[in-house]
Amino acid sequence: MRVTSSMMVNSTLRDLSLNLSRLQETQTKMSTGKELTRASVNPGATAAAMGMRQDLRRTDQRMRSLDDANGWLSTADTALTADLTTLGRAKELAVRGANTGGIADPVARQAIGAELRSVRQEMLALANTAYGDRSVFGGTATGPAYDANTGAFLGNTAAVVRDVAPSTTVTVNVTGPSAFGTTGGPAGTVFDVLDRLATAVENGDDAAIATEQTNLAAATSQLGQAATEVGTRAARLADIKERLETDKQTLTTNLSQVEDVDIVDALIRSKAQETSYQATLQVAAKVLPGSLLDYLR
Amino acid sequence: MPTFSSLNTAYSGLSAQRRVLDITAHNVANAATPGYHRQRADLISLGKQPVSGVFTGTSQTYGVDIAGISRSYDGMLAARAMREGATKSATDLTNTTMSTIEGIFPEPTDLGLAHQLDTYWASWTDVANDPGSAAARTQLLENAKTLTDSLHRTAADLQGVKDAAVTRMGVLATEVNDLSRQIADLNRSINATPEGNLDMLDQRDQLMARMSQLTGATSTEQANGEIDVYIAGRNIVSGTITQDVDGTTGTLTWVNGGQPVNPTSGEAAALTATITDIVPRYTTLLDGIASSLVTTVNAAHTVGYDQSGTTGRNFFDPANLTAATISLSADVAGLPANVAAGAPVLPGPTAPGALDGEQARLIARLADSATGPDTKYQQLITGLAVETKSAKNRAEIQDQVAVNAGRDADSVGAVSIDEEMTNLIAAQRGFEANARVLTAVDEMIGYLIERTGLAGR
Numbered sequence: 009m010r011v012t013s014s015m016m017v018n019s020t021l022r023d024l025s026l027n028l029s030r031l032q033e034t035q036t037k038m039s040t041g042k043e044l045t046r047a048s049v050n051p052g053a054t055a056a057a058m059g060m061r062q063d064l065r066r067t068d069q070r071m072r073s074l075d076d077a078n079g080w081l082s083t084a085d086t087a088l089t090a091d092l093t094t095l096g097r098a099k100e101l102a103v104r105g106a107n108t109g110g111i112a113d114p115v116a117r118q119a120i121g122a123e124l125r126s127v128r129q130e131m132l133a134l135a136n137t138a139y140g141d142r143s144v145f146g147g148t149a150t151g152p153a154y155d156a157n158t159g160a161f162l163g164n165t166a167a168v169v170r171d172v173a174p175s176t177t178v179t180v181n182v183t184g185p186s187a188f189g190t191t192g193g194p195a196g197t198v199f200d201v202l203d204r205l206a207t208a209v210e211n212g213d214d215a216a217i218a219t220e221q222t223n224l225a226a227a228t229s230q231l232g233q234a235a236t237e238v239g240t241r242a243a244r245l246a247d248i249k250e251r252l253e254t255d256k257q258t259l260t261t262n263l264s265q266v267e268d269v270d271i272v273d274a275l276i277r278s279k280a281q282e283t284s285y286q287a288t289l290q291v292a293a294k295v296l297p298g299s300l301l302d303y304l305r
Numbered sequence: 003m004p005t006f007s008s009l010n011t012a013y014s015g016l017s018a019q020r021r022v023l024d025i026t027a028h029n030v031a032n033a034a035t036p037g038y039h040r041q042r043a044d045l046i047s048l049g050k051q052p053v054s055g056v057f058t059g060t061s062q063t064y065g066v067d068i069a070g071i072s073r074s075y076d077g078m079l080a081a082r083a084m085r086e087g088a089t090k091s092a093t094d095l096t097n098t099t100m101s102t103i104e105g106i107f108p109e110p111t112d113l114g115l116a117h118q119l120d121t122y123w124a125s126w127t128d129v130a131n132d133p134g135s136a137a138a139r140t141q142l143l144e145n146a147k148t149l150t151d152s153l154h155r156t157a158a159d160l161q162g163v164k165d166a167a168v169t170r171m172g173v174l175a176t177e178v179n180d181l182s183r184q185i186a187d188l189n190r191s192i193n194a195t196p197e198g199n200l201d202m203l204d205q206r207d208q209l210m211a212r213m214s215q216l217t218g219a220t221s222t223e224q225a226n227g228e229i230d231v232y233i234a235g236r237n238i239v240s241g242t243i244t245q246d247v248d249g250t251t252g253t254l255t256w257v258n259g260g261q262p263v264n265p266t267s268g269e270a271a272a273l274t275a276t277i278t279d280i281v282p283r284y285t286t287l288l289d290g291i292a293s294s295l296v297t298t299v300n301a302a303h304t305v306g307y308d309q310s311g312t313t314g315r316n317f318f319d320p321a322n323l324t325a326a327t328i329s330l331s332a333d334v335a336g337l338p339a340n341v342a343a344g345a346p347v348l349p350g351p352t353a354p355g356a357l358d359g360e361q362a363r364l365i366a367r368l369a370d371s372a373t374g375p376d377t378k379y380q381q382l383i384t385g386l387a388v389e390t391k392s393a394k395n396r397a398e399i400q401d402q403v404a405v406n407a408g409r410d411a412d413s414v415g416a417v418s419i420d421e422e423m424t425n426l427i428a429a430q431r432g433f434e435a436n437a438r439v440l441t442a443v444d445e446m447i448g449y450l451i452e453r454t455g456l457a458g459r
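So the sequence lines, in the order shown, correspond to chains A and B. Each number in the working numbering corresponds to the 1-based position in the first sequence with 8 added. Each number in the working numbering corresponds to the 1-based position in the second sequence with 2 added.
There's no promise every hint is true.
What the hints assert, rightly or not - Now the stretches of chain A that chain B is said to cover, found in silico as 3 or more residues with beta-carbon under 8 Å:
hint: 1; segment: 91 to 103
hint: 2; segment: 157 to 167
What the hints assert, rightly or not - Within a straight-line C-alpha distance of at most 20 Å, the following computed EDC-like cross-link-like pairs (lysine to aspartate or glutamate) qualify:
hint: 3; chain 1: B; residue 1: Lys394; chain 2: A; residue 2: Asp63
hint: 4; chain 1: A; residue 1: Lys42; chain 2: B; residue 2: Asp112
hint: 5; chain 1: A; residue 1: Lys42; chain 2: A; residue 2: Asp268
hint: 6; chain 1: B; residue 1: Lys391; chain 2: A; residue 2: Glu33
hint: 7; chain 1: B; residue 1: Lys391; chain 2: A; residue 2: Glu43
hint: 8; chain 1: B; residue 1: Lys394; chain 2: A; residue 2: Glu33
hint: 9; chain 1: B; residue 1: Lys394; chain 2: A; residue 2: Asp75
hint: 10; chain 1: A; residue 1: Lys294; chain 2: B; residue 2: Asp112
hint: 11; chain 1: B; residue 1: Lys391; chain 2: A; residue 2: Glu267
hint: 12; chain 1: A; residue 1: Lys256; chain 2: B; residue 2: Asp420
hint: 13; chain 1: A; residue 1: Lys256; chain 2: B; residue 2: Asp67
hint: 14; chain 1: B; residue 1: Lys378; chain 2: A; residue 2: Asp63
hint: 15; chain 1: A; residue 1: Lys99; chain 2: A; residue 2: Asp203
Unchecked claim - Here are a few chain A residues that sit away from chain B, every Cβ distance over 10 Å (derived from the structure):
hint: 16; residue: Arg170
hint: 17; residue: Glu267
hint: 18; residue: Ala287
hint: 19; residue: Leu301
No lab work stands behind these hints, which were simulated from the structure alone. Backbone N, C-alpha and C fix where the C-beta goes; we use that ideal spot for every residue, glycine too.
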């Protein structure tokens, strides 16, 4: 094949240009730290990276929801625990009231009655615990869950649900009726029970006191159940949170492996390409200028 | 045998070698001219040419003559180089277009639509977690607006690619018309001067190569030396008559009759593909994403209840289903309280409590839907990445093919300085030798004239 100087010039220019463009690609990767400078560098890896980024963002969002859920549950837990303690006092008072039922000591009975009523007020106050500006036991209604005087339930029984993991939801609230009983039920709400108990003690009605003590026990166990359930949910959330954090770690590591450039590898490649470029330049300098003219007289 | 015939022979040698020198000088001067094919003098030996003389009648002379000057031109290699060059123009332009479109979708980064979609769905979760908060609702509307703005900008950028291609097609058509007129002019000139038109032939080949790069045009040579140029089977140059094309609408059409040209190769083919296939395809995909977003969110939103217990509100304007037009509906724009976060209570349906966030939670879950906008967007990006990568590969391969074809054609027609120098030496020596012969004959005749017929003087 006949080779002319113009062909050699073109060929050399092309090779230099190719070398330089390869070198530039490697330089860009090193300076941005990203192997996937554009999606077309590796479509498969890009799809994987996009999926991982999406998962990371979702995980972050779920962790925020989870923290919010934890806030709800711990507030409910505190309130219910305090309720149980308070009810314990009411139980003691009921026992003392029964003992003194036979003794016609109206003053002592009135005092116990008054204390029972103040216990009822405390319970009502706890029943209106708020998380932020929402009533914990009120469902999805606005305003306080219970009327502070009558003890009537003002909220609703809707569940407040949080998405904390893919296909995993957690109900973060305890509705008033499920913790404190419903007004229409056999004994009414715990507030009704306390109200009647106080009246019974004040009146010295032993039979009524006994009935209400039974009701009080039932109400206490219902509250206890509610508290246990809240505790279980909180424990489950702690597990989920740990899993989410592990997931986040794994995702971040995997994403880095897919997206980021291996600096050592890139450095070696860049050095090799630089050497190749230098070699091309040297060869071109030796070959291009020569021609027959150098040797003719 | 005529006395002076040897002089003629030597003289023919001298003038032939001088002519060869001229041609060598022409080659060397044009060594770097693009499209130049080296020229050669075709020498033939003259034998027994009849020469008439007054006293000698017909006799013979010898010598050398130049039969003609030829161009080192291989039509087949040149046609192949032109064809591959046309394909290379097309693949290069397609590669550039795909890279431009890829640049419109910066993935995988935090700058692209994927991140904004995720932020949008996340703000629905925030509203679900705190439906009473005006801040969360306002943030949701803000994020929705950012998302729609991004979609508008992306659609506009895609349209910009198409508009640039349309403009370029118009410019291409003007250049093609100009080239065809120049070719027709050269056809006329070449026909008019059968001798010494080799350089015009080179020029015409250059114009033809450019025409081919632009439109994939082919040519056939006629008996009278003119060429007919065809684009996609129809004549654009026929001898000295030209047809015009128009590209201002983005489709290359014949001015006479208005039919589309439908070029199969060259830049015009790539531009046509961009305008009629690539950009519309991606615009449709993007519109599909916008439409999916609007319909899925609206379907869930209209069922939900806002803070005042009203239902049936649209989140996005249901009439605007393309990426360029998607917008928040008048129901919720600037009215965060009208965002329907509450889910209907079944059976009924009846309004839920004022702080219900279930509908917002369901809408946030649309992010994971297998038919939702996020999935569609990922499919768009993957498809785009694959198409861009294969366009790049094709361009690289075609580049190599075109370079090889060009090299083969150059191997025949390019000027080699070494070769020309050798020819120069040969011509020079030939000239010197012929001059020597002239001197020798001159001496012999001189001897005859001066030394004979002097006997007895």
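Taking the hints in turn, this is what the structure says about them:
no.: 1; hint: 91 to 103; result: violated (count 0)
no.: 2; hint: 157 to 167; result: holds (count 3)
no.: 3; hint: B:Lys394 / A:Asp63; result: 31 Å, violated
no.: 4; hint: A:Lys42 / B:Asp112; result: 13 Å, holds
no.: 5; hint: A:Lys42 / A:Asp268; result: 4 Å, holds
no.: 6; hint: B:Lys391 / A:Glu33; result: 15 Å, holds
no.: 7; hint: B:Lys391 / A:Glu43; result: 15 Å, holds
no.: 8; hint: B:Lys394 / A:Glu33; result: 14 Å, holds
no.: 9; hint: B:Lys394 / A:Asp75; result: 48 Å, violated
no.: 10; hint: A:Lys294 / B:Asp112; result: 49 Å, violated
no.: 11; hint: B:Lys391 / A:Glu267; result: 17 Å, holds
no.: 12; hint: A:Lys256 / B:Asp420; result: 69 Å, violated
no.: 13; hint: A:Lys256 / B:Asp67; result: 89 Å, violated
no.: 14; hint: B:Lys378 / A:Asp63; result: 16 Å, holds
no.: 15; hint: A:Lys99 / A:Asp203; result: 13 Å, holds
no.: 16; hint: Arg170; result: 7 Å, violated
no.: 17; hint: Glu267; result: 7 Å, violated
no.: 18; hint: Ala287; result: 20 Å, holds
no.: 19; hint: Leu301; result: 6 Å, violated
Hint check: violations occur at hints 1, 3, 9, 10, 12, 13, 16, 17, 19; the rest are consistent with the structure.
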